[in-house]
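Participant: Spelled out from the first residue to the last, the chains are:
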Amino acid sequence: MSALLPMRATGACVHRRGKRLIGPIDLVLDGQGITALIGPNGAGKSTLLKALHGLERLSAGRIEWACPQARAEQLQAFVFQTPVMLRRSVLDNLTYPLRLVRTPRAAARAAAAEWCARIGLEGMEARLATVLSGGEKQKLALARALITRPQVLFLDEPSASLDGRATREIEALLMLATGAGTRIVMATHDMGQARRLAREVVFMRSGEVHEIAAAATFFDAPRTDAARAFLAGDIVD
Amino acid sequence: MNDLWDGLINAAWLVISFDADLYEIAARSLRVTLAALLIASAIALPLAALLAVQRFRFRRATIAVLNALMGLPPVVVGLIVYVFLSRSGPFGVLGLLFTPTAMIIAQVIIIVPLIASIAHQSLRELWAEYHDLLISMNAGRVQRIITLLWDGRRALLTAALAGFGRGVGEVGAIMIVGGNIDHLTRVMTTAIALETGKGNFALALGLGFVLIALSIMVNLAIHRLSQTETEGRW
Ligand SMILES: Nc1ncnc2c1ncn2[C@@H]1O[C@H](COP(=O)(O)OP(=O)(O)OP(=O)(O)O)[C@@H](O)[C@H]1O
Ligand SMILES: [Mg+2]
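Each protein sequence line maps, in turn, to chains A and B.
The numbering used here applies: residue 1 is where the first sequence begins, and numbers increase by one.
The numbering used here applies: residue 1 is where the second sequence begins, and numbers increase by one.
Careful, some of the hints might be misleading.
What the hints assert, rightly or not - What follows is a set of in silico ranges between Cβ atoms, one per label pair, in the way DEER data are often shown:
id : chain 1 : residue 1 : chain 2 : residue 2 : range
1  : A       : P104      : B       : A20       : 37 to 45 Å
2  : A       : Q74       : B       : N219      : 40 to 48 Å
3  : B       : R55       : A       : P104      : 30 to 38 Å
By construction, these hints were calculated from the structure, which means they are not laboratory data.
Built from N, CA and C at the ideal position, the CB exists for glycine as well.
Start from the sequences and build out the full structure, keeping to the hints where you can.
Facilitator: Here you go:
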């Protein structure tokens, strides 16, 4: 049903000034649900997400979607580790991606108002997005990514600095999105969240994919020593 | 010190007596500089945004040239415009020399680099912030530029005001291309230069104070406009 998937990364590498950040990485993204990308700080999770989304130039290898690249770019969305707010009102942040694809103004505003309510920001439509709290920004960034109904959504620690309630709200939105057919790849340090949401786990370590497994298998019986140590809370790098 | 005091009194008198000459040249100063500002902004602001979002071959060189042009001596600009507009020059047939249009042309050349450089500084920062997001959302080049110009409008206003300040206070270029002709091209600054030359310090100072007041009023008015527009949202 998805025009985008499967996605195939083969031998993908990202270098920065001669230093290898990630790779070579082989990865296939298919099916439905949520893939959790886990691993220690600096493992390359953010870099991999950006590379898959086309924000990092590959120094080697390639990433192929099931449809032409230009079309593929339109069907994806990304939520950054530190949410980027446009210096506009909450409502205008939400209409922005719709207006980019020429959605009529009235329809865009209606959809934005609906999403505002869904993320608990009703009544704040006119407020400047840059003055929202961290959690509100996270939710707004997520809503702004979902409002175009992307087929694939990349999330970089969507609930990094959120309290329990806001985290649950975000997770509910993610479940709703997967229910509607959005395939999600999400970097997270919250193992509880990975357990709750993920169908598949990709464990990264020093720029490489160290282990890929179904979530249930991974959390119950990780195959590699590094994954076992990581889950136990030991220091892995 | 006495001269300054006389100047203040003179300024007050010129204003409250509705001195016809004063109001005429003040209005011309405003007209010329605001027209130049409008044209210069229309050139400089999109240029600044383009320089911020687009990587191209001579980008760095262009920015360096713009920065260098900021320090362009107005007298030299005036001289060059004069040569181009003079009867024997390439645009001589237009008969623009010694008209307000010639003064506007000279001012545009003087303030475009200033506005573009200041605008580029702030738009570059905004672009660093927006870069990943806008690329991620597939915003095209024109959409990126429009977004930067709109979301950076506060900073752009500051750039435009700097341009206004430089234009309205400029004397060298408009003296050369305008000729300081009474009732035609005489503006505040050239009138001040003239009166000073004639030894009428009090009148010159009076005009000077009026010019300063004018400049402050325009600044306040524009800031006021931008404040109401973004009330409580910034
Ligand atoms: N712009 C850059 N220039 C140089 N090195 C970089 C750059 N961006 C990232 N790195 C390096 O690449 C490696 C991977 O970084 P990345 O941000 O992908 O890690 P991460 O797994 O997302 O970490 P975290 O869990 O802390 O978010 C790190 O060693 C980091 O220092
Ligand atoms: Mg990261």
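Participant: All hints, please: hold or fail.
Facilitator: So, going through the hints one by one against the coordinates:
1. A:P104 with B:A20: 37 to 45 Å: violated (54 Å)
2. A:Q74 with B:N219: 40 to 48 Å: Cβ of A:Q74 to Cβ of B:N219: about 44 Å, so the range 40 to 48 Å holds.
3. B:R55 with A:P104: 30 to 38 Å: Because 33 Å falls inside the window, the suggested range holds.
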